[in-house]
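Take a look at the letters that make up each chain.
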Amino acid sequence: MTGSAARGLPPWRWLGVPMLQVMAVTFVFALPLRFWGLSLPEPLFAMPVVFAWAVIRPAMLAPPAALLLGLFLDMLWGTPAGFWAVCLLLPYGLVLGGRGMLAGQSQLMMWTWYAAATGVALGAGYLITMLETQVAPDPVSVGWQFLATVILYPFAHRLIDRFEDADVRFR
Amino acid sequence: MPLRDNPLGELKVPLTWTAGIAFIVVLIVAVAALLSDRREAFDTDEYGNPRTLSDRVLAPVGEIASAPGRLTGQGVEGVRGYFFAVSENRRLREELEKARRWQEIAVSLQDTNERYRAILGLKTDPPIPMASARVVTDSRGPFAQSRLANAGTERGIKPGNPVMSENGLIGRVVGAGQDVSRILLLTDPASRTPVMIDRTNSRAILTGDGGPNPRLEYLRGSAAVREGDVILTSGDGGLLPRGLPVGVAVRGLDGRWRVALAADKAPVDYVRILLFEDFTQLARTQNLTPAGAPPPTPGAETLPPPPRLVAPPPTAATPAPKAGASAPAASPARGGATPPAKAPPSPGGGR
Numbered sequence: 076m077t078g079s080a081a082r083g084l085p086p087w088r089w090l091g092v093p094m095l096q097v098m099a100v101t102f103v104f105a106l107p108l109r110f111w112g113l114s115l116p117e118p119l120f121a122m123p124v125v126f127a128w129a130v131i132r133p134a135m136l137a138p139p140a141a142l143l144l145g146l147f148l149d150m151l152w153g154t155p156a157g158f159w160a161v162c163l164l165l166p167y168g169l170v171l172g173g174r175g176m177l178a179g180q181s182q183l184m185m186w187t188w189y190a191a192a193t194g195v196a197l198g199a200g201y202l203i204t205m206l207e208t209q210v211a212p213d214p215v216s217v218g219w220q221f222l223a224t225v226i227l228y229p230f231a232h233r234l235i236d237r238f239e240d241a242d243v244r245f246r
Numbered sequence: 160m161p162l163r164d165n166p167l168g169e170l171k172v173p174l175t176w177t178a179g180i181a182f183i184v185v186l187i188v189a190v191a192a193l194l195s196d197r198r199e200a201f202d203t204d205e206y207g208n209p210r211t212l213s214d215r216v217l218a219p220v221g222e223i224a225s226a227p228g229r230l231t232g233q234g235v236e237g238v239r240g241y242f243f244a245v246s247e248n249r250r251l252r253e254e255l256e257k258a259r260r261w262q263e264i265a266v267s268l269q270d271t272n273e274r275y276r277a278i279l280g281l282k283t284d285p286p287i288p289m290a291s292a293r294v295v296t297d298s299r300g301p302f303a304q305s306r307l308a309n310a311g312t313e314r315g316i317k318p319g320n321p322v323m324s325e326n327g328l329i330g331r332v333v334g335a336g337q338d339v340s341r342i343l344l345l346t347d348p349a350s351r352t353p354v355m356i357d358r359t360n361s362r363a364i365l366t367g368d369g370g371p372n373p374r375l376e377y378l379r380g381s382a383a384v385r386e387g388d389v390i391l392t393s394g395d396g397g398l399l400p401r402g403l404p405v406g407v408a409v410r411g412l413d414g415r416w417r418v419a420l421a422a423d424k425a426p427v428d429y430v431r432i433l434l435f436e437d438f439t440q441l442a443r444t445q446n447l448t449p450a451g452a453p454p455p456t457p458g459a460e461t462l463p464p465p466p467r468l469v470a471p472p473p474t475a476a477t478p479a480p481k482a483g484a485s486a487p488a489a490s491p492a493r494g495g496a497t498p499p500a501k502a503p504p505s506p507g508g509g510r
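Same order as they appear, the protein sequences are chains A and B.
The opening position of the first sequence corresponds to residue 76 in our numbering, with each subsequent residue numbered one higher.
The opening position of the second sequence corresponds to residue 160 in our numbering, with each subsequent residue numbered one higher.
Certain hints may be false.
[To be verified] No more than 25 Å apart at the CA atoms, straight line, and that leaves these computed lysine to any residue pairs for SDA-like:
#1 B/K424 - A/R109
#2 B/K317 - A/P116
#3 B/K424 - A/L108
#4 B/K424 - A/F110
#5 B/K424 - A/L113
#6 B/K424 - B/E253
#7 B/K424 - A/L115
#8 B/K424 - A/M150
#9 B/K424 - A/F104
#10 B/K424 - A/P214
#11 B/K424 - A/P116
#12 B/K257 - B/D338
Calculated from the structure, these hints are not laboratory results.
All chains, full assembly: derive it from the sequences and hints.
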């Protein structure tokens with residue numbers, strides 16, 4: 076065992092690097108690129124990462140990281156500051172509170188839980204937008220974003236698989 | 160000092176509790192940020208320095224990052240144009256013939272229009288200058304739809320300026336930095352645009368909802384709109400010029416009237432930002448409102464005084480009016496507002 080592994084998992088590896096990767100991918104998908112005349116979808120790439128953070132372990136740095144991710148999305152997509160932070164933090168809190176139920180579940184069940192968490196995030200976005208603009212967002216557009224986000228679960232699974240048992244202090 | 164010697168070294172804080180407290184604190188911060196930054200406050204001064212700063216950072220990065228895709232697209236278009244040149248040529252010839260016929264009609268209509276304008280003495284709107292810009296980022300989600308364009312205040316762009324593609328209106332500027340501006344699309348849930356139906360001249364408010372076809376709200380009358388009616392900006396409120404093409408009316412799956420946007424006919428890579436000034440702001444209201452009643456022209460006839468219904472009996476203290484005198488300088492009905500007829504005129508008159 077190397078010395079670094081014995082010291083535990085540094086936060087930048089399971090919080091910082093995925094956060095930067097999400098920012099980069101989200102930015103690429105926000106470019107006005109088209110393939111065969113169709114523009115790229117706009118999934119919520121932050122969702123798998125936030126879900127995985129809540130499942131891997133409780134941490135003081137994860138909520139501020141989710142806040143930063145949310146603020147970045149607000150600046151990039153033009154939503155009011157704090158919009159996506161609230162939408163990401165709510166499922167994070169719910170998953171963190173229900174970690175005991177998620178432990179040892181099959182991948183299919185975890186995918187279902189992930190879909191529920193995505194539904195909470197987009198449902199919160201729906202309600203906040205409705206309250207703020209007095210207009211109900213188009214359910215079809217919300218449904219497309221939900222589907223585009225739900226299929227990203229394998230990324231969350233990979234993060235959980237890689238870091239859930241990586242810190243010797245939590246074994 | 161070794162950790163074991165520290166009296167606080169044995170103190171173990173429950174990790175779940177500390178994470179929970181951190182979560183609650185961060186959630187409160189996020190909610191506070193959300194409450195303090197409303198989308199309707201995206202305006203000249205309230206757009207916010209952090210947002211302007213982030214737009215200024217994102218725009219050049221987006222421009223560089225989208226360059227390979229843009230160049231590839233141009234290359235593909237070039238190759239496609241080379242291979243399909245014959246069919247393209249045939250299509251363009253047909254279009255040219257149609258356009259020539261329309262040109263003759265347009266010239267005739269323009270002549271008639273100018274004559275009508277001359278007869279009626281109509282004052283036409285001044286031409287609107289515009290700035291071209293390239294779109295560098297594009298947000299397409301259900302809760303926000305906006306774009307960043309690589310032109311800003313240095314080219315005279317201001318919040319509120321309408322933005323068009325080659326086919327029609329796409330939105331308006333909601334925030335402008337030195338070399339970047341954020342465009343709120345017509346499809347954004349916060350977008351409201353006064354429009355009119357060209358056929359019936361009926362008014363409506365185009366309301367975005369995050370979908371591809373914004374709604375027509377506040378339509379009056381049952382036959383105000385039909386499938387395929389052309390929708391234009393109405394210019395009501397002075398925010399947008401009148402007559403910009405918006406799209407055509409379609410019936411949505413939910414039974415509402417919606418608009419298939421004209422700008423969706425082709426990809427929006429480049430935009431034209433109209434440097435439009437609200438015409439109602441150009442005229443100064445204080446100049447239009449007279450400060451007071453102008454003095455009368457010397458020697459001009461004035462209105463006779465209103466007849467007295469009950470004449471008081473003459474007394475010795477009241478002198479009789481002189482014969483040949485014109486109307487009295489001030490009558491009770493005028494309340495002294497009219498100055499004496501022989502008062503010296505003020506320079507410049509009442510205008």
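Verification of the hints:
| no. | hint | result |
| --- | --- | --- |
| 1 | B/K424 - A/R109 | holds (14 Å) |
| 2 | B/K317 - A/P116 | violated (30 Å) |
| 3 | B/K424 - A/L108 | holds (16 Å) |
| 4 | B/K424 - A/F110 | holds (16 Å) |
| 5 | B/K424 - A/L113 | holds (12 Å) |
| 6 | B/K424 - B/E253 | holds (20 Å) |
| 7 | B/K424 - A/L115 | holds (17 Å) |
| 8 | B/K424 - A/M150 | violated (28 Å) |
| 9 | B/K424 - A/F104 | holds (22 Å) |
| 10 | B/K424 - A/P214 | holds (23 Å) |
| 11 | B/K424 - A/P116 | holds (19 Å) |
| 12 | B/K257 - B/D338 | violated (41 Å) |
When each numbered hint is compared with the structure, violations occur for hints 2, 8, 12.
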